[in-house]
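Asker: These protein sequences, in sequence, are chains A and B. The opening position of the first sequence corresponds to residue 2 in my numbering, with each subsequent residue numbered one higher. The opening position of the second sequence corresponds to residue 2 in my numbering, with each subsequent residue numbered one higher.
Don't take every hint at face value.
Copies of one chain are not kept apart here, so a pair can be met inside one copy or by any two copies together.
[Claimed, not checked] Dumping the calculated EDC-like pairs for lysine to aspartate or glutamate here, alpha-carbon to alpha-carbon at most 20 Å:
no., residue 1, residue 2
1, 140, 28
2, 240, 167
3, 241, 25
4, 215, 163
5, 50, 226
6, 176, 189
7, 149, 180
8, 264, 194
9, 140, 320
10, 241, 261
11, 149, 257
12, 111, 297
13, 240, 261
14, 218, 167
15, 140, 26
16, 50, 206
The hints are simulated quantities; they were obtained by calculation from the structure and are not laboratory data.
2 protein chains.
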Amino acid sequence: MIKVGILGYGNLGRGVEAAVTLSEDMELVAIYTRRNPSTVSVKSNVPVKSTEELDTGKEDIDVLVICGGSATDLPEMTPKYAKLYNVIDSFDTHARIPEHFKNVDDASQKAGKIGLISCGWDPGMFSLNRLYATAILPKGEAYTFWGKGVSQGHSDAIRRIDGVIDARQYTVPVKDALDRVRAGENPELSTREKHTRECYVVVEEGADKARIEKEIKEMPNYFADYDTTVNFISEEELKKNHSGLPHGGSVIYTGETGFEGNKHVIEYSLKLDSNPEFTGAVLTAYARAVARLNSEGVKGAKTVFDIAPAYLSPISSDELRAHFL
Amino acid sequence: MIKVGILGYGNLGRGVEAAVTLSEDMELVAIYTRRNPSTVSVKSNVPVKSTEELDTGKEDIDVLVICGGSATDLPEMTPKYAKLYNVIDSFDTHARIPEHFKNVDDASQKAGKIGLISCGWDPGMFSLNRLYATAILPKGEAYTFWGKGVSQGHSDAIRRIDGVIDARQYTVPVKDALDRVRAGENPELSTREKHTRECYVVVEEGADKARIEKEIKEMPNYFADYDTTVNFISEEELKKNHSGLPHGGSVIYTGETGFEGNKHVIEYSLKLDSNPEFTGAVLTAYARAVARLNSEGVKGAKTVFDIAPAYLSPISSDELRAHFL
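So that you can see chain A by itself, here it is in the shape it has in the complex (with noise of 0.2 Å):
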């Protein structure tokens, strides 16, 4: 049995927590948090203990799953636990990549443990998808799509106005532009070509509602490049009919090969009920990965690009081979 550890314990983590406990070949053997764990309850049977405990680098665990977020604890966490454990995260600050990616290999390859970083969908599925692609049709080009899906980080951004109660963003693919890419058209598409974004706001009584769309529509970087509609909704409906964390996408890679330019379209895409969930289950396959690896004696930072697909399966390659091939 593969012994892991989450630190963290919001959506992520308990969706770490639900695909652990789906694994027959792992056990969860502790949840820890910056919190005080009495005033943590959690979902599977597992104590619920103190990062204190994890500083001492004494825990019995195969490796850590950690679940922060990307601004500000994984840069400090991950390189942090990877001198003591093998430790996953989906660090997904695209432009900080590099310098995670460092951090972390300085300290799992001194521990002798293995540091993956950057796991999840996208960054991670979308990410390989992109990579085969590429390296099977050099003459190409990929397209990422995002949505229908809920943005925390846009949702958050709206909250943060002065009136707004509460808020749901969802990012939504331009069908023409997916039409187009799909027919193999090759376009250029702007940022606003690509995607629209959709708020339902919830705000304060005598609120001044034109204020708050004129700040939203016009928010640099998180709106400002976008066509943006905003609908003010009741507490009750934001609850009723947004409270999920729906979203997907699709990579969409069209190139060619042979002397006459035969043309090809490799389309990747996720239609996922629950965001948070299908992270967590993606890091805890990784996760079996890491500890596999380090227990053959790998060390070091990895990518999903580093790690074998068969790594990720509890199936022997007899079976796999037999069944999956």
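Please arrange chain B on chain A, whose structure you already have, making use of the hints.
Answerer: Just chain B, lined up with the frame of chain A:
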């Protein structure tokens, strides 16, 4: 530069030739044929040699791409040349994969070489997607649909019927079945419910079309279990409208996570103008991986399941992390 040899110069061999030519880190050094080399003219500017030269074991190649048929060629050729070179094939007789793997493993282990079998898109990329999806969502179901595309085996089977001059058979997925699977219904689908077969047949003058149509539709294994349509057309029409070798299909995986049973759909789909050129491109990317892994000391039989994705790409790991993750 990775030095590549191609054994066999049919459609697939030509696909590999084109793909290697497009790869800046690979050099095609020779095409080997069982025919008289002087009768074979190739598109690239490389020597055509007899397989007898290959048999010496002294050809200066890092990897040999074996482009033969699965029925009789590959079960002999791949183990034979695995004793002498790194090899890769597209063996696709699913039921015989374990036996073929063992034969190649015995040969390549002894030789200190790698023999990668069953590469292409199915088996190959489709297999990978079945594996990844099952590893992420153990509670779920995989569906594979093929087409719309030309099945060479079925076209050949029609050509063997008395009175038939030429034929082209398309495998077509049933839209209603695709829709139900994508909607997450997890339907039980019979062979007939998943695919139909469309045949375009050129017959001799005065041939008994009713008898030919009946023979096609009742042919066991090939057509009897399917709804099959037979269209009699002229030789000119066959050339004009059915001379390509398009194919494709989808692996659709529906699974669930979490304590509330959230649903997820993962779909990988291919739309290929040329089946042999795309297959050749996949073989070429994996040939790169084979040469690299062997230079690191890895040996024995492998499948796509055993190859970490980064090995397929000529792009450095730093660049991959910075731009593809």
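Asker: Are any of the numbered hints broken by this structure? If so, which, sorted upward?
Answerer: Hints 3, 5, 8 and 16 are the ones this structure does not satisfy, whereas the remaining hints hold.
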